[in-house]
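> Take the given structure of chain C and dock chain R to it, following the hints.
Protein chains in written order, with my numbering: chain C, 268 to 583; chain R, 11 to 545.
I should point out that these hints are in silico values taken from the structure, not numbers from a laboratory.
Honestly, I wouldn't trust all of these hints.
[Said to hold, decoys possible] Distance ranges between label pairs, derived from CB positions:
| no. | chain 1 | residue 1 | chain 2 | residue 2 | range |
| --- | --- | --- | --- | --- | --- |
| 1 | R | LEU56 | C | GLY490 | 53 to 59 Å |
| 2 | R | GLY25 | C | GLY552 | 53 to 59 Å |
| 3 | C | TYR446 | R | THR52 | 47 to 53 Å |
| 4 | R | PRO330 | C | GLY396 | 46 to 52 Å |
Quantities reported herein were computed from a predicted structural model and do not represent experimental measurements.
Glycine included, each C-beta is placed from N, C-alpha and C at the ideal position.
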Amino acid sequence: MNADNTMHWMSFPSAFICAYLRLVPLLLIAVAGCGRSEKPDEIWCETGVGPGKVVYPRGIAYDAKTDSFFIVDRTAQVQRLDKDGKPLAEWSMPDHLIGKPVGLSIGPDGNVYVPDTHYQRIIVYDPSGKEIRRWGKGGTGPGEFIYPTDIAFDEKGNVYVSEYGDHDRIQVFDMAGNYLRQFGSFGTGDGQFRRPQSMVITGDTMYVTDACNHRIIQFKLDGTWVRNIGQVGGSLGEFRFPYGLDIDAKGRLIVCEFGNNRVQLIDPQTGKGIATWGQPGREPGEMAYPWGVVVDKRGRVVAVDAGNNRLQVFEF
Amino acid sequence: MTRRFSTAILLLLVGLCSGLPLAWMAWHLVTNPEVWSEFHLTAFRLDLLGRTLGYNLSAALIATALSIPAAIVIGRGRGVVATFVWCALPISLFMPSIVYTYGWANFLLWVWKTPDFQSAGDVARCVFSLATWLTPLPAFVIGLALRTIDANLQQQAMLDGALWRVTLRQLAGPIGASVLLCTVLAVQEFAVYEPTGISVIATELRMVFDTGAVSSTTNSMLAPIGGGASRETTSPDQRARAAAAVATAVPMLVMIAACGIVGAWLLKTFSAADAIDAGPWPNVLSAGWISKSLAIGVIALIAGVPLVTLVHTLSIPIQPIFILQEFAPGVFGSMLGGVLAGSAALLLAVLATLGRSRGAIVANLITFLVGGQLLAIALIRIYNRPSLWMVYDTIAITVIAYVAKFGWIGLAAGRFTVSHRWRELRDLAAVDGATPLQTLAGVILPIAWPLLVAGGVCVMVLSITEVSATLLLMPMKPQMLTPQMMSWVHALHFDPMIEASLLLTAIVAMLALAAVGLGWLGTRPILKSAADGRR
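Okay, chain C solo, but in the shape it has when bound (with noise of 0.2 Å):
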């Protein structure tokens, strides 16, 4: 190395090492806290195991009779929680070493049914937490299970099962759990599922949530494909990753997006977003990363924030 040379080199690395130094920290600065988080009307659950605490809780489902939620978390407690969030029972899966379950949902008939996603069943209580019957096991075939999701039901009392695993797919059962119909594939086309994680049913017409596909897709219930509504993104009207869903009494979507944390409110005529809330972020009014939502009837929504430990309850 000559003294050319060094001359040569100086100016450019120390200025430059120097002045990258000196545009981190308003980098830092401006990450920081961007962004306004609109509070929530109240927040449920707290951190830990036993009632009213929950550790990354993932299942919501609201029973309208009774006005209470049922919510399942990864310590597989299953807990019923009155209209302002206070716990009223609890129990745990049977079987929970080789994973729990993602989903659960009211029946027409009251009981709680629940996708036992990694024991490939569907297990019903009745609401006290005692186990009522169960059916399915893992394959492909007929009746059988990979990861089953969620459960909804139409006006009929049939039960359609959604699950993935690589053989993603809608299973339809009657209420004793008898296979009746399946429609969807794996894949990326119309009427293909990348894990459908969440159904809602409205009259004829169901909803799924096609979280790796970033879509919703409406389906007849007879399978037939109708549309996709929205695409892979941020902005309103797109998605990531969404994985809960249910509808409002003005029959507008409302869907929780595990990729964006936020909840959007979706116009099902025109697919359009009409409005998000929250953020990313761990003060009220934000989220990390959140699984599922439901709307009680008084038009509230409640919000599945699994990162954070909680559930927070807004309205549109």
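Chain R in isolation, oriented as in the chain C frame:
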């Protein structure tokens, strides 16, 4: 004056990142009665300790055994194959542990079947994944030690027919140290064991912090991440869980301290190394085709198998733009965390070229050895208070964790410029009347900047792939990729997990290549001058 000022800033930074968490841990260890109960070796504790040591020592031994051919090529290799081994070997280590273990789990499913959770086969899968992930470390430690062995001694040994016996004796220290180093790193690792619920100290530590109790039939650890860092400013529960987690970690800390001390002693006592490079060696000592073939085979095994499996397992065609859109928020967060940590490491490196840094490196190395989980718990407890939300609720706390864990790489890069080979340059500049700052700006930085930047890029890469601290801190402003991936690691053949894994690997590979190139550029002038000196 300049030296004092830079030393003060350096100590302040290291004190903030490493000193505070270490002080918090020390305080809890001293004042927490639960800690002392950990020394009562009940059957449960003995079992846990035995499992942890058994699994991780096995992983370390396998890693060291696998590394030998690559070490020979690194130490005595020439030509294209040696260059390839230098560049390709670290790939596995630069992949996040969850990506790596996910690749192996999918491979087993592809060619055979998934072992039952927590079965002997499952443990063997974890141990082998961990071993292959860590293999580059012993390869480089032993290979670099081999480079320092006196070629004349080896030639004489060869004539006596005792080449391998003598070489092995010379390398006994580095080999032993490699085993212990791998054990230390394996003991801290929980992301490999957690997806199938295997109980070792690292996984129990997280269980205790998340749920307040060790795993059991009613408290299974198999689940996506918990919100360990959720906002509970006033909760006494988090304080109690943090204290219990520190107590749970005591056997692990003792194990790490013992391995660290013995490893350092082995390196110092038995290593033949007294210089970075002992110079050229005769062709007769060069790595033969058997070593080169085996080294390439090892690279194919440790890096090729998981990567090829991930690509093969993806059910849809790879669409880079779509994948980037899918994971844009997480990629932005991970990159930003990496850039900020890398920048802080670069600052540390620049400061280390001016001031004293030995104590800072020691403190930083201790936080590295303590592991990401304990570090994250300490930071959560320190910063989870309303007045400090600017740190706790932002990316700052994650960057502090990364600097605490990897800052020593920047410091080491900076310290390299105060080694005896650079002293002549500094002395010459001082004779010409240059102040330390002028020497830095006019002499050291123009030559050493690629090395310092390489240190920063290396810290950036390690920060992007860091798992343990990131999962517990679970940054949300902005969110990062690793916590999102951890919630999918349990489902094999899962496209988003594979897409995110490949994306992360591609980003990290590009950055790692840049770091290797810069490192080569930065050390070349000084090594070249040393070689010229020998001639």
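> List, from low to high, the hint numbers that the structure doesn't satisfy.
The structure breaks only hint 2.
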